[in-house]
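Using the sequences and the hints, build the whole thing.
Counting along the sequence shown from 1, when you hit position 420 you're at 420 in full-length UniProt numbering, and nothing is skipped either side.
Some clues are possibly wrong.
What the hints assert, rightly or not - Listed next, the in silico DSS-like pairs over lysine-lysine satisfying Cα-Cα at most 30 Å (straight line):
(1) Lys521 - Lys246
(2) Lys360 - Lys283
(3) Lys268 - Lys564
(4) Lys489 - Lys571
(5) Lys571 - Lys613
(6) Lys392 - Lys464
Said to hold, decoys possible - DEER-style ranges, computed between Cβ atoms:
(7) Thr394 - Ser430: 53 to 61 Å
(8) Trp393 - Thr492: 54 to 62 Å
(9) Ile599 - Trp393: 36 to 44 Å
(10) Glu554 - Asn253: 14 to 22 Å
(11) Thr492 - Glu554: 27 to 35 Å
(12) Ile599 - Lys469: 28 to 36 Å
(13) Ile462 - Arg369: 29 to 37 Å
(14) Ala428 - Asn616: 48 to 56 Å
(15) Ser430 - Leu353: 18 to 26 Å
(16) Asp434 - Gln250: 43 to 51 Å
Note that these hints are calculated values from the structure, not bench results. Glycine is no exception: its CB is placed at the ideal position from the N, C-alpha and C atoms.
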Amino acid sequence: MFSKKKIQFNYYDLNNFNDFNNFSFDIFQWKLLKIGIIVDLKCPRSMTFLQKASEKNLFIYEFAPIHWLIFTNNHVTRKQLITMDDNNPLDFLMESYDDKKFENELFVINKKVNFDFFFNETEKGEKGKNNNNNNRKVKLNVNETDINQILHLTLLLDNKVTLSVPGFDNITSRSNPKIDENGIVFYEKNDDCLFKINDTIIRKNFMGSLIRAGATAFQPKAFTTIDDVSSREVDVWAKMVYEHVKILEQDLNFRSIIRYFNDVGYIKNGSFGHLMGSIQEKKSEISATGVLLRSDRFGIVDYIICPFRLGVGLVFKEPSLPTVKNIFILPFTGTVWISIGILFIIIIIFMRLREIIIKKFLFKKMKLRNISELCMQILGAICQQGLTENSKWTSDRVIISFLLLTALILYFAYSASIVTFLQSSSSAISTIEDVTSSNLEVGVQAHFPYLDVLMKEASHRITKEYYKKKIFNKGRENVYFEQREGINKIRTGLFAFEIELNAGYKLISQTFKDHEKCGIKEILLVPKPFVCMAVSKTSSYREIFAQRLVWQQETGMFDRTIKKWSDEKPKCNMDRATFISVGYNEINSIFIIFLYGLIISIIIFFLEIFLFKINNMSRKKTA
Numbered sequence: 001m002f003s004k005k006k007i008q009f010n011y012y013d014l015n016n017f018n019d020f021n022n023f024s025f026d027i028f029q030w031k032l033l034k035i036g037i038i039v040d041l042k043c044p045r046s047m048t049f050l051q052k053a054s055e056k057n058l059f060i061y062e063f064a065p066i067h068w069l070i071f072t073n074n075h076v077t078r079k080q081l082i083t084m085d086d087n088n089p090l091d092f093l094m095e096s097y098d099d100k101k102f103e104n105e106l107f108v109i110n111k112k113v114n115f116d117f118f119f120n121e122t123e124k125g126e127k128g129k130n131n132n133n134n135n136r137k138v139k140l141n142v143n144e145t146d147i148n149q150i151l152h153l154t155l156l157l158d159n160k161v162t163l164s165v166p167g168f169d170n171i172t173s174r175s176n177p178k179i180d181e182n183g184i185v186f187y188e189k190n191d192d193c194l195f196k197i198n199d200t201i202i203r204k205n206f207m208g209s210l211i212r213a214g215a216t217a218f219q220p221k222a223f224t225t226i227d228d229v230s231s232r233e234v235d236v237w238a239k240m241v242y243e244h245v246k247i248l249e250q251d252l253n254f255r256s257i258i259r260y261f262n263d264v265g266y267i268k269n270g271s272f273g274h275l276m277g278s279i280q281e282k283k284s285e286i287s288a289t290g291v292l293l294r295s296d297r298f299g300i301v302d303y304i305i306c307p308f309r310l311g312v313g314l315v316f317k318e319p320s321l322p323t324v325k326n327i328f329i330l331p332f333t334g335t336v337w338i339s340i341g342i343l344f345i346i347i348i349i350f351m352r353l354r355e356i357i358i359k360k361f362l363f364k365k366m367k368l369r370n371i372s373e374l375c376m377q378i379l380g381a382i383c384q385q386g387l388t389e390n391s392k393w394t395s396d397r398v399i400i401s402f403l404l405l406t407a408l409i410l411y412f413a414y415s416a417s418i419v420t421f422l423q424s425s426s427s428a429i430s431t432i433e434d435v436t437s438s439n440l441e442v443g444v445q446a447h448f449p450y451l452d453v454l455m456k457e458a459s460h461r462i463t464k465e466y467y468k469k470k471i472f473n474k475g476r477e478n479v480y481f482e483q484r485e486g487i488n489k490i491r492t493g494l495f496a497f498e499i500e501l502n503a504g505y506k507l508i509s510q511t512f513k514d515h516e517k518c519g520i521k522e523i524l525l526v527p528k529p530f531v532c533m534a535v536s537k538t539s540s541y542r543e544i545f546a547q548r549l550v551w552q553q554e555t556g557m558f559d560r561t562i563k564k565w566s567d568e569k570p571k572c573n574m575d576r577a578t579f580i581s582v583g584y585n586e587i588n589s590i591f592i593i594f595l596y597g598l599i600i601s602i603i604i605f606f607l608e609i610f611l612f613k614i615n616n617m618s619r620k621k622t623a
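Below, the structure is given as structure tokens:
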């Protein structure tokens, strides 16, 4: 119970009026720690002390989490104590108890009985036997032995202990208390009753005590055990945090009992439900699952360490470049396309002038080709389709040869770029705003309540617009998917899945082929929030748990947990060539171009009919 190292003591003599009045009954001081107070009713002024403590509500847990141990010379049991008559000197305590105001542990023990009591929860042993079960014990120096007189004792399972103890019979020095081989301090001053206040003890051994913890299981159907590594994508934050709770158990020698909830719990009508509600009602002492750092929980929990970050985002496969852009105009820049157009016009003009000159000076009966026929000749050469006829003139052949050579070089560059673009992904979608304006279908991970909270609490204009357009307008049944179903839809492309990133990476690594992992991209919906471990607001374990968890962090245990339970973003490993089939999405721009050409051809066709009729009418008039 006490450390063997040097301890600072404060003594209070209840027979001394000044010492008695100086004893602090400040409620706010008591609220900082869980305290054990031992009182012997034979001591003068002990009843006054208890009455004053009762007036200050020190028997009510909400005001002061105190364990009371009261020694009396009368042989009474706890049951008898609760039903004592009006002459009982502890009536004022029983009144509080009957009104259910007495929420702290109260133990009344007959001092005439010799017994062993333990610092952890134990069952009553058989009469005359010591039921120590390897637990540390403190033995009081009294006369008889009867273990059955121990009613139930849970005492001082705290990191810091403030203990006030009356004097015992065989201690001779007030200023130099004795410490036995178990580290137990005894002291006395004859018949005087002293109070000893120790405010510097740090306990690191809870003697196998039982501490209640709460955890979450968002996916109860898929949940196996809280330490199952094979299903890391299922409730991973409960599993990661529980690993450190287990280390705490071994470090501080206590046992935990875990109660599971299907949600962490958020404030509603002024109170919390699920895990947070259990901590608020003191039914759970510590969260054995990760809880988000939220300001609305500051009033009910203390966050003792925040070692993890929760990543929630949209995971999708970057759309192929042909699905978002016309790749058939991408190989060349605008300047190159303009240059090719100018070259085409120059060649047509040159060929036309050459025919005019030949007709005027050499062959006056030569029939000139119309412009459309000439354009088709030049276009066939540029597109590597050859010419419909060979010219007899050397000048013609020279210009056509250089035209074919220029077109060949351009063709090589163009076709090489097209092949590259067909297998390229697009980086056009990189923000939430891009997703909102794109044709990507969006899905949301089911059975992950934080995503619902994220939707409700979205405040940024772009995020609210995204949720409204991509999720709310489509209905819940059309956007919520199980993890595996959502990840499989990503493989088809043009689908983004809103998921906890760690679970998403794990499933992608398991189900995607190497070449399918290339182009996987994520967009964070919000900055990664902290995932913390929390204890109840008035918990006396807060400081020792925080100290030991910081020690775990400093020794790299949390880093080990992250590597064990988390998955990195899948890497693109393309060791060998992979053949990718060209689909409709990649070549749809070709059909669009053809459609434009067909429309233009139809328009020209009707225009030619109209012009032909006008020419016929004019000929008839002249005839």
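Now the hints, each set against the structure:
Proposed proximity of Lys521 and Lys246 is contradicted: the alpha carbons are some 36 Å apart, above 30 Å. Restraint check for Lys360 and Lys283: the C-alpha separation of about 109 Å exceeds 30 Å, so the hint is violated. Taking the CA atoms of Lys268 and Lys564, the gap is about 36 Å. The hint is violated against a cut of 30 Å. Of the supplied pair hints, the one linking Lys489 and Lys571 holds, its CA atoms being roughly 19 Å apart against a limit of 30 Å.
Taken as a hint, the Lys571 and Lys613 pair is broken in the structure, with Cα atoms around 68 Å apart against an allowance of 30 Å. The hinted pair formed by Lys392 and Lys464 fails the criterion: a straight-line CA distance of about 72 Å is larger than 30 Å. For the hinted restraint 53 to 61 Å between Thr394 and Ser430, the CB-CB distance of approximately 57 Å keeps it satisfied. At roughly 58 Å, the beta-carbon separation of Trp393 and Thr492 lies within the given 54 to 62 Å, and the hint holds.
For the pair Ile599 and Trp393, the beta carbons lie near 38 Å from each other, so the given range of 36 to 44 Å is met. In this structure, Glu554 and Asn253 meet the distance hint of 14 to 22 Å, their C-beta atoms being roughly 21 Å apart. Evaluation of the 27 to 35 Å hint for Thr492 and Glu554 yields a failure: the beta carbon distance comes to about 46 Å. Range check, Ile599 to Lys469: Cβ separation about 33 Å, and the 28 to 36 Å hint holds.
Against the hinted window of 29 to 37 Å, the Cβ-Cβ separation of Ile462 and Arg369 comes to about 59 Å, which falls outside the hint. Distance hint check: the CB atoms of Ala428 and Asn616 are about 54 Å apart, consistent with the given range 48 to 56 Å. Distance hint check: the CB atoms of Ser430 and Leu353 are about 52 Å apart, inconsistent with the given range 18 to 26 Å. The hint said 43 to 51 Å for the Cβ distance between Asp434 and Gln250, and at roughly 49 Å that hint holds.
Of the numbered hints given earlier, the model fails hints 1, 2, 3, 5, 6, 11, 13 and 15; all others are met.
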